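Visitor: Sequence:
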Amino acid sequence: WDPSAIEGVSRFMYRVWSVAVDEAKPDLLAATPDADQVRTLERKLHQTIIKVTDDMANFRFNTAIAAMMELNNMLIKVRETPVIGTPIWTEAVQTLVLLMAPIFPHISEELWHQLGNDNSVHLQTWPQGDADKAREDEVTVVVQVNGKVRDKLSVAPGTAAPTLETQALALDNVQKWIDGKSVRKVIVVPDKLVNVVIG
-5 WDPSAIEGVS RFMYRVWSVA VDEAKPDLLA ATPDADQVRT LERKLHQTII
45 KVTDDMANFR FNTAIAAMME LNNMLIKVRE TPVIGTPIWT EAVQTLVLLM
95 APIFPHISEE LWHQLGNDNS VHLQTWPQGD ADKAREDEVT VVVQVNGKVR
145 DKLSVAPGTA APTLETQALA LDNVQKWIDG KSVRKVIVVP DKLVNVVIG
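With our numbering applied, the sequence shown covers -5 to 193.
Bear in mind the hints are in silico, worked out from the structure with no lab data behind them.
Among the hints, erroneous ones may be present.
Calculated cross-link-like contacts (lysine-lysine; reagent style DSS-like; alpha-carbon spacing at most 27 Å) [as the list claims (entries may be wrong)]:
(1) 71 to 142
(2) 71 to 38
(3) 186 to 170
(4) 186 to 175
These figures come from a predicted structure and were not determined experimentally.
Given only the sequences and the hints, what does the whole structure look like? Please build it.
Guide: Structure representation (C-alpha coordinates):
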(Lines of atoms letter the chains of each structure in order from A and count residues from 1; the text may use other names and numbers.)
(Lines give C-alpha, C1' and ligand atoms only; values in the text may rest on other atoms or scores of the structure.)
Protein backbone atom coordinates (compact mmCIF):
# COMPACT_ATOMS: atom_id res chain seq x y z
CA TRP A 1 0.00 0.00 0.00
CA ASP A 2 1.43 3.32 -1.05
CA PRO A 3 -0.43 6.22 0.59
CA SER A 4 1.03 8.70 -1.91
CA ALA A 5 -0.81 6.90 -4.75
CA ILE A 6 -4.09 8.26 -3.42
CA GLU A 7 -3.03 11.77 -4.51
CA GLY A 8 -3.57 10.96 -8.20
CA VAL A 9 -7.06 9.59 -7.55
CA SER A 10 -7.84 12.60 -5.37
CA ARG A 11 -6.80 14.97 -8.19
CA PHE A 12 -9.01 13.03 -10.58
CA MET A 13 -11.98 13.36 -8.22
CA TYR A 14 -11.44 17.13 -7.91
CA ARG A 15 -11.21 17.47 -11.69
CA VAL A 16 -14.42 15.49 -12.23
CA TRP A 17 -16.16 17.58 -9.57
CA SER A 18 -14.99 20.75 -11.31
CA VAL A 19 -16.31 19.56 -14.69
CA ALA A 20 -19.66 18.43 -13.30
CA VAL A 21 -20.46 21.18 -10.81
CA ASP A 22 -18.69 24.43 -11.75
CA GLU A 23 -20.86 26.96 -13.56
CA ALA A 24 -20.27 27.58 -17.26
CA LYS A 25 -19.35 31.04 -18.51
CA PRO A 26 -22.53 32.76 -19.79
CA ASP A 27 -20.89 33.89 -23.04
CA LEU A 28 -20.02 30.27 -23.89
CA LEU A 29 -23.61 29.16 -23.35
CA ALA A 30 -24.84 31.81 -25.78
CA ALA A 31 -22.30 30.99 -28.51
CA THR A 32 -22.75 28.50 -31.35
CA PRO A 33 -20.66 25.34 -30.89
CA ASP A 34 -18.28 24.07 -33.55
CA ALA A 35 -19.67 20.91 -35.19
CA ASP A 36 -16.23 19.25 -35.26
CA GLN A 37 -15.79 19.75 -31.51
CA VAL A 38 -19.26 18.33 -30.87
CA ARG A 39 -18.45 15.30 -33.04
CA THR A 40 -15.08 14.81 -31.33
CA LEU A 41 -16.71 14.77 -27.89
CA GLU A 42 -19.45 12.41 -29.08
CA ARG A 43 -16.82 10.05 -30.52
CA LYS A 44 -14.73 10.11 -27.35
CA LEU A 45 -17.81 9.52 -25.20
CA HIS A 46 -18.81 6.38 -27.09
CA GLN A 47 -15.22 5.11 -27.29
CA THR A 48 -15.02 5.52 -23.51
CA ILE A 49 -18.31 3.71 -22.86
CA ILE A 50 -17.20 0.78 -25.01
CA LYS A 51 -13.73 0.64 -23.43
CA VAL A 52 -14.89 0.96 -19.82
CA THR A 53 -17.64 -1.63 -20.34
CA ASP A 54 -15.13 -4.11 -21.75
CA ASP A 55 -12.50 -3.34 -19.11
CA MET A 56 -14.96 -3.73 -16.24
CA ALA A 57 -16.24 -7.04 -17.62
CA ASN A 58 -12.66 -8.31 -17.78
CA PHE A 59 -11.58 -6.90 -14.38
CA ARG A 60 -9.16 -4.39 -15.91
CA PHE A 61 -10.06 -1.64 -13.47
CA ASN A 62 -6.86 0.39 -13.93
CA THR A 63 -7.42 0.79 -17.66
CA ALA A 64 -11.12 1.52 -17.09
CA ILE A 65 -10.14 4.36 -14.76
CA ALA A 66 -7.54 5.58 -17.28
CA ALA A 67 -10.26 5.75 -19.97
CA MET A 68 -12.48 7.76 -17.60
CA MET A 69 -9.58 10.12 -16.93
CA GLU A 70 -9.10 10.62 -20.68
CA LEU A 71 -12.78 11.50 -21.12
CA ASN A 72 -12.59 13.89 -18.18
CA ASN A 73 -9.48 15.54 -19.65
CA MET A 74 -11.38 16.11 -22.89
CA LEU A 75 -14.31 17.57 -20.93
CA ILE A 76 -11.92 19.98 -19.21
CA LYS A 77 -10.69 21.22 -22.63
CA VAL A 78 -14.19 21.39 -24.11
CA ARG A 79 -15.49 23.28 -21.06
CA GLU A 80 -13.78 26.39 -22.41
CA THR A 81 -15.77 26.21 -25.68
CA PRO A 82 -19.46 26.64 -26.62
CA VAL A 83 -19.82 22.83 -26.62
CA ILE A 84 -20.49 23.19 -22.88
CA GLY A 85 -24.06 24.26 -23.66
CA THR A 86 -24.93 21.31 -25.90
CA PRO A 87 -26.87 18.10 -25.20
CA ILE A 88 -23.73 16.03 -25.90
CA TRP A 89 -21.93 17.89 -23.08
CA THR A 90 -24.71 17.02 -20.63
CA GLU A 91 -24.77 13.42 -21.85
CA ALA A 92 -20.98 13.11 -21.54
CA VAL A 93 -20.86 14.46 -17.98
CA GLN A 94 -23.78 12.31 -16.81
CA THR A 95 -22.34 9.25 -18.53
CA LEU A 96 -18.93 9.82 -16.91
CA VAL A 97 -20.62 9.82 -13.50
CA LEU A 98 -22.50 6.62 -14.38
CA LEU A 99 -19.28 4.93 -15.51
CA MET A 100 -17.56 5.97 -12.29
CA ALA A 101 -20.33 4.67 -10.02
CA PRO A 102 -19.13 1.06 -9.56
CA ILE A 103 -15.59 2.15 -8.67
CA PHE A 104 -16.29 5.49 -6.95
CA PRO A 105 -19.77 4.91 -5.47
CA HIS A 106 -19.98 7.72 -2.92
CA ILE A 107 -18.73 10.67 -4.95
CA SER A 108 -20.68 9.41 -7.99
CA GLU A 109 -23.88 9.47 -5.96
CA GLU A 110 -23.20 13.03 -4.79
CA LEU A 111 -22.29 14.20 -8.30
CA TRP A 112 -25.43 12.56 -9.70
CA HIS A 113 -27.55 14.65 -7.33
CA GLN A 114 -25.48 17.78 -8.02
CA LEU A 115 -26.36 17.28 -11.70
CA GLY A 116 -30.03 17.61 -10.78
CA ASN A 117 -31.09 13.97 -10.62
CA ASP A 118 -33.44 12.85 -7.84
CA ASN A 119 -32.93 9.10 -7.84
CA SER A 120 -29.77 7.12 -7.13
CA VAL A 121 -26.97 6.79 -9.67
CA HIS A 122 -26.86 3.10 -8.73
CA LEU A 123 -30.42 2.56 -9.99
CA GLN A 124 -29.61 3.76 -13.52
CA THR A 125 -29.09 1.50 -16.51
CA TRP A 126 -25.53 1.09 -17.72
CA PRO A 127 -24.70 3.37 -20.68
CA GLN A 128 -24.56 1.72 -24.10
CA GLY A 129 -21.76 2.62 -26.49
CA ASP A 130 -22.61 3.08 -30.15
CA ALA A 131 -19.89 1.63 -32.41
CA ASP A 132 -20.88 3.92 -35.29
CA LYS A 133 -20.55 7.02 -33.12
CA ALA A 134 -17.26 5.72 -31.68
CA ARG A 135 -15.72 5.21 -35.12
CA GLU A 136 -13.01 7.62 -36.17
CA ASP A 137 -13.86 9.90 -39.10
CA GLU A 138 -10.32 9.46 -40.42
CA VAL A 139 -7.56 6.95 -39.81
CA THR A 140 -3.86 7.35 -40.46
CA VAL A 141 -2.36 4.66 -42.68
CA VAL A 142 1.42 4.30 -42.57
CA VAL A 143 3.05 3.94 -45.99
CA GLN A 144 6.30 1.99 -46.13
CA VAL A 145 8.77 1.11 -48.86
CA ASN A 146 10.57 -2.16 -48.08
CA GLY A 147 9.47 -1.89 -44.45
CA LYS A 148 10.71 1.67 -43.88
CA VAL A 149 8.18 4.42 -43.19
CA ARG A 150 8.15 6.92 -46.05
CA ASP A 151 4.80 8.72 -45.65
CA LYS A 152 1.29 8.57 -44.21
CA LEU A 153 -2.23 8.74 -45.62
CA SER A 154 -5.31 10.14 -43.88
CA VAL A 155 -8.34 8.22 -45.15
CA ALA A 156 -11.86 7.27 -44.15
CA PRO A 157 -12.06 4.07 -42.07
CA GLY A 158 -12.69 1.01 -44.17
CA THR A 159 -11.12 2.40 -47.35
CA ALA A 160 -10.69 -0.49 -49.80
CA ALA A 161 -7.24 -2.04 -50.29
CA PRO A 162 -7.00 -1.17 -54.02
CA THR A 163 -7.76 2.48 -53.24
CA LEU A 164 -5.11 2.54 -50.49
CA GLU A 165 -2.59 0.97 -52.86
CA THR A 166 -3.31 3.54 -55.59
CA GLN A 167 -3.09 6.49 -53.18
CA ALA A 168 0.11 5.18 -51.59
CA LEU A 169 1.84 4.64 -54.94
CA ALA A 170 0.91 8.19 -56.00
CA LEU A 171 2.63 9.85 -53.01
CA ASP A 172 5.73 11.90 -53.89
CA ASN A 173 7.70 10.42 -50.97
CA VAL A 174 6.94 6.92 -52.26
CA GLN A 175 7.56 7.79 -55.93
CA LYS A 176 11.12 8.95 -55.23
CA TRP A 177 11.94 5.58 -53.60
CA ILE A 178 10.36 3.38 -56.28
CA ASP A 179 11.36 5.44 -59.34
CA GLY A 180 13.22 3.18 -61.78
CA LYS A 181 12.67 0.08 -59.65
CA SER A 182 10.16 -2.71 -60.09
CA VAL A 183 7.40 -3.10 -57.53
CA ARG A 184 7.29 -6.80 -56.61
CA LYS A 185 4.17 -6.56 -54.47
CA VAL A 186 2.14 -4.22 -52.32
CA ILE A 187 0.98 -5.42 -48.90
CA VAL A 188 -2.12 -3.64 -47.60
CA VAL A 189 -3.49 -3.91 -44.08
CA PRO A 190 -6.70 -1.83 -44.21
CA ASP A 191 -6.84 1.14 -41.81
CA LYS A 192 -3.23 0.52 -40.74
CA LEU A 193 -0.48 -0.02 -43.31
CA VAL A 194 0.62 -0.09 -46.95
CA ASN A 195 4.04 -1.65 -47.60
CA VAL A 196 5.48 -1.36 -51.10
CA VAL A 197 8.04 -4.10 -51.73
CA ILE A 198 10.55 -3.24 -54.43
CA GLY A 199 13.24 -5.46 -55.86
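Visitor: With reference to the structure, classify each hint as holding or not holding.
Guide: A quick look at each hint next to the structure:
1. 71 to 142: 36 Å, violated
2. 71 to 38: Holds, at about 13 Å.
3. 186 to 170: Status holds; Cα separation ~22 Å.
4. 186 to 175: 25 Å, holds
Checked against the numbered hints given earlier, the structure breaks only hint 1 and satisfies all the rest.
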